[in-house]
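Please model the entire structure based on the sequences and the hints provided.
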Amino acid sequence: MAKLIQYREKCIGCGICEELQPEYWRMSMKDGKATLLHAANKKNILIRPIHQSDFETSTNVANACPVKIIQVR
Amino acid sequence: MGRKVELLAPAGSFECLQAAINAGADAVYFGVEQLNMRAKSVRSFVLADLEQISFLCKTHGLKCYITLNTVMYNHDIKLLQLILQAVKKHEIDAVIASDFAVINQCKLLNIPLHISTQANVSNIEAAAFFADSADLIVLARELTLSQVSDICKEIGRRQLKGLSGKPLKIEIFVHGALCMAVSGKCYLSLHAQNASANRGACTQECRHPYKVTDLETGRELVVDNEYIMSPKDLCTINILDQLVNSGASVFKIEGRSKGPDYVYAVTKCYREALDAVEAGTYSLEKVEQWMTELSAVYNRGFWEGYYLGNQLGAWTSKPGSVATEKKVYLGRGTKYYPKINVAEFLIETGSLKANDTLMITGAEIGAVKELVKTLTVNGVLAEKATKGDKITFKFPYKVSGKDRLYKLVANDG
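As they're listed, the protein sequences go chains A and B. The first sequence begins at 1 in my numbering and counts up by one. The second sequence begins at 1 in my numbering and counts up by one.
Honestly, the hints are just simulated from the structure, not real lab data. Some hints here could point you the wrong way.
Sample of chain B residues with no beta-carbon within 12 Å of chain A, all distances over it, derived [unchecked claim]:
{"no.": "1", "residue": "Lys78"}
{"no.": "2", "residue": "Leu79"}
{"no.": "3", "residue": "Leu109"}
{"no.": "4", "residue": "Glu142"}
{"no.": "5", "residue": "Pro167"}
{"no.": "6", "residue": "Ala201"}
{"no.": "7", "residue": "Thr203"}
{"no.": "8", "residue": "Leu215"}
{"no.": "9", "residue": "Thr374"}
Simulated crosslink set (BS3-like; lysine-lysine; CA at most 27 Å straight-line) [said to hold, decoys possible]:
{"no.": "10", "chain 1": "A", "residue 1": "Lys30", "chain 2": "B", "residue 2": "Lys394"}
{"no.": "11", "chain 1": "B", "residue 1": "Lys373", "chain 2": "B", "residue 2": "Lys394"}
{"no.": "12", "chain 1": "B", "residue 1": "Lys78", "chain 2": "A", "residue 2": "Lys10"}
{"no.": "13", "chain 1": "B", "residue 1": "Lys78", "chain 2": "A", "residue 2": "Lys68"}
Ideal Cβ placement from N, Cα and C applies to all residues, glycine included.
Below you can see the structure in the form of structure tokens.
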């Protein structure tokens with residue numbers, strides 16, 4: 001199963017991920033960065049499995065991230 | 001201090017901060033976390049660094065200003081408040097901002113405010129409008145010297161005061177990168193790569209070469225200089241006396257993404273030039289010497305910006321820097337012998353020989369040039385050192401394992 005990965009520390013809080021895929025992303029009101037929802041957090045690297053039907057949107061999100069901290073693997 | 005003009009240097013890291021201190025800056029500006037226009041920069045401070053930044057600046061008698069100058073969204077407000085509370089606690093001298101959320105919060109928290117160049121203040125009425133909230137206005141970079149001078153005179157005539165009750169101050173840019181966008185409000189990166197310059201994520205699209213192609217025929221138009229959107233860097237050291245007479249009281253050097261060698265060299269030149277203007281010893285010969293030193297560090301070629309009413313046309317002709325010198329990485333600090341003031345470095349790559357000019361950079365050193373006349377390699381005098389060797393030489397600053405050693409060589413492009 002494919003995974004979505006967010007290297008959260010370098011997020012600049014532009015909000016494009018939440019805009020494109022609101023069911024996966026939420027802008028934190030605490031520190032202004034995006035948070036990958038329902039993800040495991042390993043040292044501020046957030047990882048969660050994604051359903052195949054979400055693969056294309058997730059890839060679009062990864063491509064849209066201006067600081068390239070989102071990956072689909 | 002008693003100086004007529006305050007020299008404001010960029011600090012993107014502790015190395016750069018130390019370099020600015022060493023070079024004689026009166027003040028530094030910096031950003032933390034993601035709410036500043038260099039959010040994407042590899043060099044960046046975090047909120048926890050504020051205490052140390054404030055301590056260092058106070059110890060050395062410098063003022064420090066924090067940039068909170070991006071466009072702000074709803075989800076940024078909490079972080080903004082956290083940063084402002086820390087700014088208050090650690091007595092940072094002022095916030096630089098253009099977003100009304102920041103302006104309002106600073107007023108509520110009684111934090112001194114400088115209006116960022118992003119606000120594009122270009123006339124006296126706009127300056128007067130912001131005087132209710134701020135103590136200083138950074139004018140738009142596109143103004144001519146006479147426009148700057150007129151605004152300063154009018155502030156004096158109207159006796160405009162800032163929020164603190166002191167006369168409203170004016171800041172102008174004196175050196176560093178310019179861009180084709182009005183007051184930095186650029187959407188090119190956003191359109192090309194979804195990276196907003198206004199959120200500190202400029203991808204420098206304007207610095208690339210472009211060609212114009214007719215999509216119907218595939219024919220290409222000839223463009224004189226394909227770097228049609230990339231202006232040369234601002235340099236005003238040759239007109240600095242005129243800038244001092246304009247009435248602006250803070251002179252800003254651009255470059256929070258630049259390295260400590262750049263910060264040191266540029267700040268030092270402008271420190272010397274400002275001191276020379278005040279002492280009445282500013283001369284053409286000195287300007288030539290400073291121009292040589294400024295040309296050695298990162299630059300895209302120089303012009304005097306819009307101050308003299310120049311038409312745009314001073315575009316770069318090459319990608320990246322045309323600096324006359326470049327740094328070549330050699331290795332890291334390994335030991336320091338304080339009793340005899342000797343530093344030891346491990347050469348990790350490349351080689352050096354006696355009489356090479358070296359540069360050592362570090363958080364406690366800044367950027368220091370050192371001409372090593374006699375080279376001691378692994379404890380014996382030698383002509384050359386290569387990878388794996390340990391070299392030692394007399395050096396007045398304490399060296400740590402994080403300090404980096406470079407060789408300065410001519411940049412042949």
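Now for the hints, and whether the structure bears them out:
With a minimum CB-CB distance of about 5 Å to chain A, B/Lys78 fails to clear the 12 Å threshold, and the non-interface call is violated. Not every C-beta of chain A lies more than 12 Å from that of B/Leu79, the closest at about 4 Å, which undercuts listing it as non-interface. No Cβ of chain A comes within 12 Å of the Cβ of B/Leu109; the nearest lies about 18 Å off, and the non-interface call holds. With a cut of 12 Å on Cβ distances, B/Glu142 stays outside the contact zone with chain A, its closest approach being about 26 Å.
Every Cβ of chain A is farther than 12 Å from the Cβ of B/Pro167; the closest lies at roughly 36 Å, confirming the non-interface assignment. A beta-carbon of chain A is positioned within 12 Å of the beta-carbon of B/Ala201; the least distance is around 4 Å. Remark: the non-interface label on B/Thr203 conflicts with the geometry, its nearest Cβ contact in chain A lying 8 Å away (cut-off 12 Å). Distance check for B/Leu215 against chain A: the nearest CB is about 24 Å away, which clears 12 Å, and the non-interface claim stands.
No beta-carbon of chain A is positioned within 12 Å of the beta-carbon of B/Thr374; the least distance is around 45 Å. Straight-line distance between C-alpha atoms of A/Lys30 and B/Lys394 comes to about 50 Å, which puts the hinted pair past the 27 Å bound. The straight-line distance between the Cα atoms of B/Lys373 and B/Lys394 is roughly 10 Å, inside the 27 Å bound, and the hint therefore holds. Taking the CA atoms of B/Lys78 and A/Lys10, the gap is near 18 Å; set against the 27 Å cutoff, the hint holds.
With a C-alpha separation of about 24 Å, the suggested pair B/Lys78 and A/Lys68 falls inside the 27 Å cut-off, and the hint holds.
Hint compliance for this structure: hints 1, 2, 6, 7, 10 are not met, and every other hint is.
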